[in-house]
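Chains A and B supply the protein sequences, listed in that same order. Straight run, no breaks: the first sequence in this note's numbering ends on number 146. Straight run, no breaks: the second sequence in this note's numbering ends on number 1174.
Any given hint could be a false lead.
Cβ-to-Cβ under 7 angstroms is the rule here; a few derived chain B residues that face chain A [unchecked claim]:
#1 Glu-1016
#2 Gln-1049
#3 Phe-1052
#4 Arg-1150
Now the in silico label distances, taken between C-beta atoms and shown as ranges [to be verified]:
#5 A/Ala-27 to B/His-1064: 36 to 44 angstroms
#6 B/Arg-1159 to A/Leu-70: 39 to 47 angstroms
#7 B/Glu-1003 to A/Leu-15: 30 to 38 angstroms
#8 B/Tyr-1081 to A/Arg-48: 46 to 54 angstroms
In silico DSS-like pairs for lysine-lysine, Cα to Cα no more than 25 angstroms straight-line [what the hints assert, rightly or not]:
#9 B/Lys-1088 to B/Lys-1107
#10 A/Lys-44 to B/Lys-1107
#11 B/Lys-1086 to A/Lys-7
#12 A/Lys-31 to A/Lys-44
#13 B/Lys-1060 to B/Lys-1136
#14 A/Lys-44 to B/Lys-1119
#15 A/Lys-7 to A/Lys-31
#16 B/Lys-1063 to B/Lys-1119
#17 A/Lys-38 to A/Lys-7
#18 B/Lys-1107 to A/Lys-38
#19 B/Lys-1086 to B/Lys-1119
#20 B/Lys-1136 to A/Lys-44
#21 A/Lys-7 to A/Lys-44
Source of the hints: derived by calculation from the structure; they are not laboratory data. Backbone N, C-alpha and C define an ideal beta-carbon position, used for all residues, glycine too.
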Amino acid sequence: MNSCRFKDRINAYQLGLCSDEERRELARHLKHCPVCQKELALLKMIERELSEPSTIGAIEDRILLHLRELREPTLTLIDLAAALLYCGLFITGGLLILPIIIHLPFHQLGNLLSTLILNNITILFGIGIIFGIASSIYSLRLVGEY
Amino acid sequence: MGENGELVRRAKDGDERAIARLIAIYKGLVYTIALRMLGDPDWAEDITQETFIRAFLRIKTLKHPERFRSWITMIVRNLIYDHLRKRKTELPPPVRTGPGVESVRKKVIIQQALLRLSKQDRLLLTLFYYQGFTMKEIGEVTGIPSANLRVYLHRARARLREELRGYEDELLSI
Chain A
1 MNSCRFKDRI NAYQLGLCSD EERRELARHL KHCPVCQKEL ALLKMIEREL
51 SEPSTIGAIE DRILLHLREL REPTLTLIDL AAALLYCGLF ITGGLLILPI
101 IIHLPFHQLG NLLSTLILNN ITILFGIGII FGIASSIYSL RLVGEY
Chain B
1001 MGENGELVRR AKDGDERAIA RLIAIYKGLV YTIALRMLGD PDWAEDITQE
1051 TFIRAFLRIK TLKHPERFRS WITMIVRNLI YDHLRKRKTE LPPPVRTGPG
1101 VESVRKKVII QQALLRLSKQ DRLLLTLFYY QGFTMKEIGE VTGIPSANLR
1151 VYLHRARARL REELRGYEDE LLSI
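Produce the complete structure using the sequences and hints provided.
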């Protein structure tokens, strides 16, 4: 005999998904049904096989080497080109906004601001370059770290 | 914080000995998941290495060191899913486990049956039987609500059992 009406319930029985009554009934049934005993043995065998972990050799050194290579800080021409682009955009943006500021109804504030800017254009230009280089390198490092 | 939590904290600071120790502790887990999901030792080894590289480049984003195991399991899961997506038109390679002995035949039969299941079923079965995973962790990694996990597991086992139809006598005699 290769079939039994309880056979398909052995899976649930082993997982503890049966009601107490069904569990007791199946436990009694298992004592004398070779079909269900075989089914339970098979499920336990599958469980043992799947519980056995697979092993892999030593990979630690290879991974550490990769990590060191990826974390090596490098400044490339691309970094410098990006920095100059950031600076250019920053300064261009600032110069475009300047006429808008001067022509605001609060023209006295605008005049004061424009005077300050024009008198200190060199300082502002320098700050713009430094800020541009710093922000481009920082953003490229974040991307590079991935 | 347990020993592993301390190792994670040191790894975040760039301590290579802590990183090496974490790899040694978790490489079995990562490799087992990759091998069960992909069926090929070479692919599994590549995925395992990639998992750790990605994990340690991003480790500063891990806010709770005690969750390192679930976190790294999610990384390997995502890499496996990407790998399967890229290779979806390819047949999986024949299962290889090494030089032939009788007990290897059992592993090959079960692995081949696993590969015929959906990736969710494979992942669920692998995590459930890997020692130490709580139902909560399995739920986090698979996206299945913890309350429904046993039912999903029951169905996954039933499908695996169906894939093994015809091999019962051979499996029990080995």
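Against the structure, the hints:
1. Glu-1016: Holds, about 6 angstroms.
2. Gln-1049: holds (6 angstroms)
3. Phe-1052: Hint holds; B/Phe-1052 Cβ to chain A Cβ min 5 angstroms, cut 7 angstroms.
4. Arg-1150: With a minimum Cβ separation of about 6 angstroms from chain A (threshold 7 angstroms), the hint on B/Arg-1150 holds.
5. A/Ala-27 to B/His-1064: 36 to 44 angstroms: holds (42 angstroms)
6. B/Arg-1159 to A/Leu-70: 39 to 47 angstroms: holds (41 angstroms)
7. B/Glu-1003 to A/Leu-15: 30 to 38 angstroms: holds (33 angstroms)
8. B/Tyr-1081 to A/Arg-48: 46 to 54 angstroms: For B/Tyr-1081 and A/Arg-48 the Cβ distance comes to about 28 angstroms; the hint is violated.
9. B/Lys-1088 to B/Lys-1107: holds (24 angstroms)
10. A/Lys-44 to B/Lys-1107: holds (14 angstroms)
11. B/Lys-1086 to A/Lys-7: Between B/Lys-1086 and A/Lys-7 the Cα gap is close to 40 angstroms, so the pair fails against 25 angstroms, i.e. violated.
12. A/Lys-31 to A/Lys-44: holds (16 angstroms)
13. B/Lys-1060 to B/Lys-1136: holds (24 angstroms)
14. A/Lys-44 to B/Lys-1119: holds (22 angstroms)
15. A/Lys-7 to A/Lys-31: Judged against 25 angstroms, a Cα distance of about 13 angstroms means the pair holds.
16. B/Lys-1063 to B/Lys-1119: Cα-Cα ~29 angstroms, so violated.
17. A/Lys-38 to A/Lys-7: holds (9 angstroms)
18. B/Lys-1107 to A/Lys-38: Between B/Lys-1107 and A/Lys-38 the Cα gap is close to 19 angstroms, so the pair holds against 25 angstroms.
19. B/Lys-1086 to B/Lys-1119: OK: B/Lys-1086 and B/Lys-1119 at ~14 angstroms, within 25 angstroms.
20. B/Lys-1136 to A/Lys-44: holds (24 angstroms)
21. A/Lys-7 to A/Lys-44: The given pair, whose Cα atoms are some 14 angstroms apart, holds under the 25 angstroms limit.
Going through the hint list in order, the structure does not satisfy hints 8, 11 and 16.
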